Amino acid sequence: MTEIKKLIDENGLRVDGRKLDEIRPIKIEIGLLANADGSAYIEQGRNKIIVAVYGPREAQPKHIGLHDRAAIRCRYHMAPFSTDERKSPAPSRREIEISKVIREALEPAIFSEYYPRSMIDIFIEVLQSDGGSRCAAITASSLALADAGIPLKDLVVACAVGKIDGKLAVDLSDVEDKLGEADMPIAYIPALRKISLIQMDGIFTEEEFFKALNMAKDACMKIYKIQKEALKQKYLQTEKE
Amino acid sequence: MTEIKKLIDENGLRVDGRKLDEIRPIKIEIGLLANADGSAYIEQGRNKIIVAVYGPREAQPKHIGLHDRAAIRCRYHMAPFSTDERKSPAPSRREIEISKVIREALEPAIFSEYYPRSMIDIFIEVLQSDGGSRCAAITASSLALADAGIPLKDLVVACAVGKIDGKLAVDLSDVEDKLGEADMPIAYIPALRKISLIQMDGIFTEEEFFKALNMAKDACMKIYKIQKEALKQKYLQTEKE
Amino acid sequence: MTEIKKLIDENGLRVDGRKLDEIRPIKIEIGLLANADGSAYIEQGRNKIIVAVYGPREAQPKHIGLHDRAAIRCRYHMAPFSTDERKSPAPSRREIEISKVIREALEPAIFSEYYPRSMIDIFIEVLQSDGGSRCAAITASSLALADAGIPLKDLVVACAVGKIDGKLAVDLSDVEDKLGEADMPIAYIPALRKISLIQMDGIFTEEEFFKALNMAKDACMKIYKIQKEALKQKYLQTEKE
Amino acid sequence: MSVTSQVEPLTKIKSKRMMKLLASGKRLDGRGLLDYREIKIENGVVEKAEGSALVSMGNTKVLVGVKIETGQPYPDLPNQGALTVNAEFVPLAYKYFEPGPPDENSIELARLVDRGIRESKTIDMEKLVIIPGKEVYVVFVDVYILDHDGNLVDAAGLAAVSAILNAKLPVYRVKENGEVIKMDEYVPLPVQNCPIPVTMVKIDDKILVDPTLDEENMASAKLTITLTKNGEICAMQKSGLGAFTLDEIVEAQKIARKKSSEIREKFFREWC
Amino acid sequence: MSVTSQVEPLTKIKSKRMMKLLASGKRLDGRGLLDYREIKIENGVVEKAEGSALVSMGNTKVLVGVKIETGQPYPDLPNQGALTVNAEFVPLAYKYFEPGPPDENSIELARLVDRGIRESKTIDMEKLVIIPGKEVYVVFVDVYILDHDGNLVDAAGLAAVSAILNAKLPVYRVKENGEVIKMDEYVPLPVQNCPIPVTMVKIDDKILVDPTLDEENMASAKLTITLTKNGEICAMQKSGLGAFTLDEIVEAQKIARKKSSEIREKFFREWC
Amino acid sequence: MSVTSQVEPLTKIKSKRMMKLLASGKRLDGRGLLDYREIKIENGVVEKAEGSALVSMGNTKVLVGVKIETGQPYPDLPNQGALTVNAEFVPLAYKYFEPGPPDENSIELARLVDRGIRESKTIDMEKLVIIPGKEVYVVFVDVYILDHDGNLVDAAGLAAVSAILNAKLPVYRVKENGEVIKMDEYVPLPVQNCPIPVTMVKIDDKILVDPTLDEENMASAKLTITLTKNGEICAMQKSGLGAFTLDEIVEAQKIARKKSSEIREKFFREWC
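Residue numbers (numbering that gives the first Met the number 0), protein chains in the order written: chain A, 0 to 240; chain B, 0 to 240; chain C, 0 to 240; chain D, 0 to 271; chain E, 0 to 271; chain F, 0 to 271.
FYI, nobody ran anything at the bench for these hints, they're computed from the structure.
Every value quoted in this text rests on a predicted model; they were computed, and no experiment measured them.
Each hint should be verified, as a subset may be incorrect.
[Stated by the list, open to error] Straight-line C-alpha distance at most 27 Å; calculated DSSO-like pairs for lysine-lysine: (1) B/Lys216 x E/Lys253; (2) F/Lys253 x A/Lys210; (3) B/Lys152 x D/Lys94; (4) E/Lys253 x E/Lys205; (5) C/Lys224 x C/Lys26; (6) D/Lys133 x D/Lys167; (7) E/Lys181 x A/Lys177; (8) E/Lys253 x B/Lys166; (9) D/Lys205 x D/Lys13; (10) B/Lys4 x E/Lys133; (11) D/Lys47 x B/Lys4; (12) D/Lys133 x C/Lys86; (13) C/Lys177 x C/Lys4; (14) A/Lys210 x A/Lys177; (15) E/Lys47 x A/Lys86; (16) B/Lys18 x D/Lys47; (17) D/Lys133 x E/Lys133; (18) C/Lys4 x D/Lys126; (19) A/Lys86 x F/Lys133; (20) E/Lys133 x F/Lys133; (21) B/Lys86 x D/Lys126; (22) E/Lys228 x B/Lys166; (23) F/Lys181 x C/Lys177; (24) D/Lys47 x B/Lys26; (25) B/Lys86 x D/Lys133; (26) F/Lys265 x F/Lys167; (27) E/Lys181 x E/Lys167; (28) A/Lys210 x F/Lys257; (29) E/Lys126 x E/Lys205; (30) C/Lys239 x C/Lys227; (31) A/Lys166 x A/Lys224; (32) A/Lys166 x A/Lys221; (33) C/Lys152 x F/Lys94; (34) A/Lys210 x A/Lys5.
Could you build all of it, start to finish, from the sequences and the hints given here?
Structure representation (structure tokens):
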């Protein structure tokens with residue numbers, strides 16, 4: 000722990016061989032759960048995340064129902080075996096905060112007003128966590144929502160930009176997140192050209208911040224393509240069946 | 000703890016002097032609580048267990064009510080002073096599981112369908128625990144149900160058969176349970192000739208299992224007689240009053 | 000901790016220079032919170048306590064509503080930084096008991112019957128605690144109730160009498176409470192000439208008890224004057240505005 | 000958060016009868032205002048507990064078990080054993096008791112019983128030290144309500160003191176190397192006092208001792224006063240939505256003093 | 000407190016069809032009464048866990064992760080490692096699962112899987128000691144339900160055993176001064192048995208193995224029997240509102256014996 | 000689980016007036032879009048706390064108390080003190096706050112304030128070590144909301160930094176035998192930076208700083224940007240059901256930069 004690790008080598012490559020603006024390999028599977036109304040599974044680096052969507056269904060308990068829109072319920076949860084040290088199954092403060100920001104990242108893309116007094120449930124289970132699990136979870140959640148047939152303004156896609164060894168880099172892995180100097184996840188809704196999640200910790204100068212914003216947007220657009228493709232494959236496959 | 004204790008002596012008798020197929024002394028008292036609709040107290044070996052039944056009464060909270068039958072609520076709970084080491088009053092995982100299997104041992108004997116939207120509460124307090132407390136609790140609970148005037152297909156009676164020093168023996172005490180090789184509690188409803196609880200842990204060969212089943216049934220029938228007698232005494236006494 | 004501290008000096012004065020029947024300096028501010036329907040702040044010695052009253056409002060959840068009177072909800076809570084050692088924010092057994100006795104000290108003074116099916120909330124936050132915080136909280140709570148326009152039979156005022164170095168003394172401070180031999184808080188409703196809270200721990204002879212009761216009442220009447228004055232100032236000020 | 004609780008109302012007939020009887024100094028069950036119901040104390044009913052007692056007071060039944068373990072002393076009291084009083088209002092005892100963590104009523108009862116024991120120095124806590132500052136006896140007093148027909152405090156207080164009186168303290172030996180060994184030997188707990196709580200309610204300006212549940216539901220306020228063997232007051236607690244005049248409290252103290260010595264004489268040894 | 004639970008009723012058409020098929024020994028999905036759905040076991044799916052396995056049984060999907068840490072032994076078992084089995088019925092898996100602490104169903108499942116592992120001595124716990132009485136391995140078996148279409152116990156039991164079989168145990172070295180150092184080296188867990196649970200339900204006096212959720216909802220009672228490699232019974236559990244005759248239990252035991260050896264032969268190595 | 004929350008709607012008249020005013024760059028309370036309400040900081044209000052500050056921002060009132068204790072360091076950071084930020088939304092402050100464990104809003108606020116302090120290295124945590132790897136200072140920052148009229152984050156952030164600045168650190172001496180003794184001496188906390196959060200909301204495509212509760216209820220989204228003394232961004236958080244364009248975020252960053260230095264100049268010493 001005490002040795003200072005070099006996160007960028009002499010060739011400008013990162014610990015896992017990536018370039019600074021290169022995202023990790025992504026694998027997506029849609030509709031893999033039988034019970035859920037919609038579901039999606041994502042692997043991004045070593046992240047393995049599964050998302051189920053239930054709904055729209057009647058708000059339960061009733062008092063959470065809203066008269067003018069669907070209530071979105073969102074739970075980001077990590078399996079006890081998803082981390083290096085076993086995690087207690089009880090929700091941590093971190094999981095509670097992330098559940099909230101993910102919900103608020105997804106809500107602007109959902110036509111919630113179509114379903115007053117209903118609720119839409121988004122259940123995220125992190126089976127294995129690497130850095131950037133909240134972003135991968137958002138990317139998968141919007142696919143699960145689409146798979147459930149929930150009307151969306153567009154998919155939501157998310158990616159972080161961070162700072163490692165003083166340089167900006169996209170889609171930080173676990174070790175980069177821990178040893179790096181800053182991390183800024185954003186969620187983007189391409190059709191609306193809007194950012195629905197932005198968080199940051201670490202240190203950014205103004206200049207770095209502007210650059211990071213653009214890098215994040217570009218990375219999001221790459222992932223957006225992969226999302227769209229996965230959705231297309233799923234529909235083609237469904238039609239064949 | 001390290002010394003290996005002999006559980007059966009040269010005369011084939013157990014630590015407390017019993018024969019292998021001999022149940023522990025049982026003392027039963029019915030209707031001892033003033034507030035409960037029905038109640039029973041049982042001593043079986045060093046077990047001291049008291050059971051109260053409330054109901055049928057309106058299901059509360061309403062959502063637990065069932066449209067076609069009474070909801071049975073059952074709680075097996077150990078007093079903090081009932082064990083060798085003080086037990087925390089919060090329900091343990093063991094108590095939660097036992098509450099469920101006891102409920103499911105009793106339900107087949109109750110004419111639940113007579114009381115839709117109602118609930119019947121069975122509250123079991125183990126004041127002192129010896130081995131086999133779940134069985135003694137079932138035996139007492141069916142008496143408390145009868146005392147409450149809940150219509151029953153028959154009493155439910157329960158007893159365990161275990162393996163100690165390689166031999167099958169009925170109604171294990173605490174020390175036999177701890178040092179023994181297997182324990183299989185069953186609950187029996189004589190009039191239905193049905194087994195409504197069976198659990199097992201430890202190691203049984205097929206042959207042992209068959210033999211144990213029969214020994215358990217025989218032991219149950221012995222306890223059933225004691226149950227019936229206790230109920231009779233209670234009614235005689237009530238008539239006199 | 001082991002050294003025995005003298006709580007009364009050769010001149011009969013206490014650690015903070017007070018005489019035996021002298022209360023600590025009191026500072027009261029009424030109506031300082033914008034959101035609450037009524038509020039009051041009290042400093043008594045080093046106690047700093049703030050009280051908000053909300054209501055009468057519809058009972059929530061409904062089942063706590065009473066058909067013939069308002070339900071009073073009361074919460075005495077200590078800030079984590081209010082004590083010498085940081086206090087966990089979760090309510091302690093002591094806080095739960097004090098919430099109850101404060102509620103029962105205030106209820107006899109409230110015309111609860113005017114507001115069936117409603118609730119009146121009294122939220123007490125101890126920002127800094129010295130001895131006698133429950134008494135100071137009662138004194139402030141009745142002012143917050145008055146400020147909220149809740150109809151009262153009279154203000155409730157509270158003060159403790161304790162025994163230090165074998166002598167009776169009013170309004171014990173923290174150190175006196177800890178090292179003293181007895182403490183008896185009482186709450187008094189002057190217009191009704193009634194005691195609505197009395198608790199005691201420690202050792203009182205019969206004679207001491209009678210004397211303490213009278214000293215407590217006298218101390219309450221002194222504080223009652225300060226209460227009344229604070230209320231008057233508040234109304235004068237409100238009229239000016 | 001403490002909330003005004005629902006009280007189960009008596010039927011009109013019953014409450015009228017109660018009030019009429021009270022006017023002539025009588026009670027529904029035939030007692031005078033200052034009479035206790037029959038008290039029975041059964042000691043040692045739970046053999047696995049170091050001490051235990053079952054107290055019945057009319058239909059009210061309270062069981063107390065005392066468990067004794069070893070543990071660290073409180074940091075600020077390195078030379079004293081530790082005492083914990085806990086009360087369980089188990090749903091078996093009353094139709095409105097719900098399972099779950101202790102509510103304000105059971106916490107209040109436990110803390111009131113605790114104050115009686117602690118302030119009267121019932122147990123000599125300084126004798127409960129095994130290694131000063133390191134290992135002491137921890138005494139758990141668990142109050143278990145089995146049948147609730149009012150006056151739980153007095154029944155619990157009597158049961159607690161009785162269970163403490165019959166509790167056996169396991170003997171530990173400290174070896175030279177500091178190891179602590181449990182011996183197969185027991186001595187009594189070092190008891191030096193017996194606090195006796197007396198609970199009274201006020202109904203229609205009358206003071207009654209040992210209220211039944213019906214009487215508690217009709218009462219405007221309740222007061223417990225606990226007295227030591229020397230006649231000192233060691234704990235007090237008012238509860239309920241009403242209030243007492245000063246005179247009523249003075250009167251209640253006299254009553255408590257009288258009733259506590261009657262109970263003491265009947266049930267406890269001379270020296271405590 | 001355990002409460003009779005709501006069961007989602009099948010549509011009339013579906014339940015009639017199920018009953019009709021059952022009468023002729025068939026099931027809704029075409030299986031015979033004693034046929035399992037297709038079982039798939041995928042090992043090592045979670046690399047960060049010391050062991051893991053994903054079992055699917057028809058539409059039922061259960062993931063088990065094994066984490067191994069070090070800690071103190073249980074005071075009464077100083078020379079054994081520790082084992083903890085926990086089950087999460089996460090809301091992702093079924094519309095009626097709610098987030099929150101484990102309920103009675105997940106506790107029952109975890110304890111049943113635990114009994115199978117513990118009683119069959121699946122892991123040689125005595126080999127999991129680092130410093131006797133002080134530091135041992137703690138094995139966490141976390142059962143994660145991903146998709147619930149009935150027979151969670153068998154899927155969980157198979158996944159648990161599979162995850163244990165592929166788990167790697169980090170090696171620790173104890174230095175002379177007692178310091179414990181984690182080496183960059185792994186060995187397999189000392190596994191010596193594989194308990195295989197077989198779950199059956201009773202519908203209309205018929206015994207079916209590997210019930211779907213629809214079948215569980217129609218069943219009067221359920222029975223799990225877990226067998227070791229030597230054909231011994233090591234765990235059993237009846238659940239549900241109904242009951243079994245003695246003969247049915249005897250029959251169920253025969254079925255369980257047969258099905259467990261079929262599964263064992265198909266998925267597990269000879270020696271376990 | 001996070002659930003879309005109810006928002007208390009403004010009356011139609013009020014919301015119309017707000018929108019009309021906004022169109023001309025004004026607000027209900029007369030402020031310009033980029034004006035803060037009057038900020039008051041009162042230091043040292045709770046003497047028992049090692050540090051404290053009460054911040055009012057219009058009707059919003061937030062009290063922060065800092066307590067300093069000693070304890071073990073985090074295992075992965077043996078040479079640093081520990082910091083814990085906690086926030087209580089006590090029911091006294093707002094009619095919709097309920098007592099109970101922290102909800103998502105108070106957790107989010109606490110974690111946002113925590114990030115500002117931690118990332119800007121407000122406190123030099125490496126100076127908070129008493130015995131490396133064994134005993135360090137633990138700094139508790141407790142945020143207490145007293146009156147909620149919007150913009151809790153900025154008020155909490157200012158109060159936290161102010162309380163840290165006036166906190167006194169008790170001095171401990173380590174004796175040769177390793178014993179740690181508390182001296183009767185205090186020094187300031189080693190403070191090296193002051194993060195200033197600036198919170199903005201978007202209403203009808205306008206960016207407003209320091210929103211009132213009414214404005215928060217009308218806003219589609221909220222953004223906090225926290226800046227260090229050197230003008231670096233050290234924390235950021237978007238919340239609310241809406242979203243921002245890239246341009247809006249760029250604009251918001253400029254505003255935050257300006258407002259944070261105004262606040263810094265007015266309330267904090269040059270060096271931080």
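Now the hints, each set against the structure:
As the CA atoms of B/Lys216 and E/Lys253 are separated by approximately 20 Å, the hinted pair is consistent with the 27 Å bound. Our distance criterion of 27 Å between C-alpha atoms is met by F/Lys253 and A/Lys210, whose separation comes to about 15 Å. Annotation: proposed proximity of B/Lys152 to D/Lys94 holds, straight-line Cα distance about 26 Å (limit 27 Å). Using a Cα cut-off of 27 Å, the hinted pair E/Lys253 and E/Lys205 holds, with the two alpha carbons roughly 14 Å apart.
Proximity of C/Lys224 to C/Lys26 is assessed by CA-CA distance (about 12 Å); at most 27 Å being required, the pair is judged to hold. Annotation: proposed proximity of D/Lys133 to D/Lys167 holds, straight-line Cα distance about 22 Å (limit 27 Å). Taking the CA atoms of E/Lys181 and A/Lys177, the gap is near 22 Å; set against the 27 Å cutoff, the hint holds. Taking the CA atoms of E/Lys253 and B/Lys166, the gap is near 23 Å; set against the 27 Å cutoff, the hint holds.
For the proposed pair D/Lys205 and D/Lys13, the alpha carbon gap of about 18 Å is at most 27 Å, so the pair holds. Distance check on the hinted pair: B/Lys4 and E/Lys133 sit about 26 Å apart at the alpha-carbon level, within 27 Å; holds. Simply put, D/Lys47 and B/Lys4 have alpha-carbon atoms about 21 Å apart, close enough for the 27 Å limit, and the pair holds. Under the criterion of a C-alpha separation no larger than 27 Å, the hint pairing D/Lys133 with C/Lys86 is consistent with the structure, at around 24 Å.
Distance check on the hinted pair: C/Lys177 and C/Lys4 sit about 11 Å apart at the alpha-carbon level, within 27 Å; holds. Between A/Lys210 and A/Lys177, the direct Cα distance comes to roughly 21 Å. Compliance with the 27 Å bound is thereby established for this hinted pair. About 12 Å separates the Cα atoms of E/Lys47 and A/Lys86, which keeps this hinted pair within 27 Å; it holds. At most 27 Å may separate the alpha-carbon atoms for a hinted pair to count; B/Lys18 and D/Lys47 meet this at roughly 25 Å.
Annotation: proposed proximity of D/Lys133 to E/Lys133 holds, straight-line Cα distance about 20 Å (limit 27 Å). For the hint pairing C/Lys4 with D/Lys126, the CA-to-CA distance comes to about 24 Å; that is within 27 Å, so the pair holds. Restraint check for A/Lys86 and F/Lys133: the C-alpha separation of about 24 Å stays at or below 27 Å, so the hint holds. Of the pairs offered as hints, the one joining E/Lys133 and F/Lys133 holds, with about 20 Å between alpha carbons and a cut-off of 27 Å not exceeded.
The suggested pairing of B/Lys86 with D/Lys126 holds, with an alpha-carbon distance near 25 Å, which does not exceed 27 Å. At most 27 Å may separate the alpha-carbon atoms for a hinted pair to count; E/Lys228 and B/Lys166 meet this at roughly 22 Å. Simply put, F/Lys181 and C/Lys177 have alpha-carbon atoms about 22 Å apart, close enough for the 27 Å limit, and the pair holds. For the hint pairing D/Lys47 with B/Lys26, the CA-to-CA distance comes to about 18 Å; that is within 27 Å, so the pair holds.
Between B/Lys86 and D/Lys133 the alpha-carbon distance is near 23 Å, which keeps this suggested pair within the 27 Å criterion. Only pairs whose Cα atoms come within 27 Å are accepted, and F/Lys265 paired with F/Lys167 is accepted, the gap being roughly 23 Å. Between E/Lys181 and E/Lys167 the alpha-carbon distance is near 13 Å, which keeps this suggested pair within the 27 Å criterion. At most 27 Å may separate the alpha-carbon atoms for a hinted pair to count; A/Lys210 and F/Lys257 meet this at roughly 20 Å.
Our distance criterion of 27 Å between C-alpha atoms is broken by E/Lys126 and E/Lys205, whose separation comes to about 44 Å. For the proposed pair C/Lys239 and C/Lys227, the alpha carbon gap of about 18 Å is at most 27 Å, so the pair holds. Between A/Lys166 and A/Lys224, the direct Cα distance comes to roughly 26 Å. Compliance with the 27 Å bound is thereby established for this hinted pair. The suggested pairing of A/Lys166 with A/Lys221 holds, with an alpha-carbon distance near 21 Å, which does not exceed 27 Å.
A distance of roughly 26 Å separates the Cα atoms of C/Lys152 and F/Lys94; the hinted pair therefore holds under the 27 Å criterion. Straight-line distance between C-alpha atoms of A/Lys210 and A/Lys5 comes to about 23 Å, which keeps the hinted pair within the 27 Å bound.
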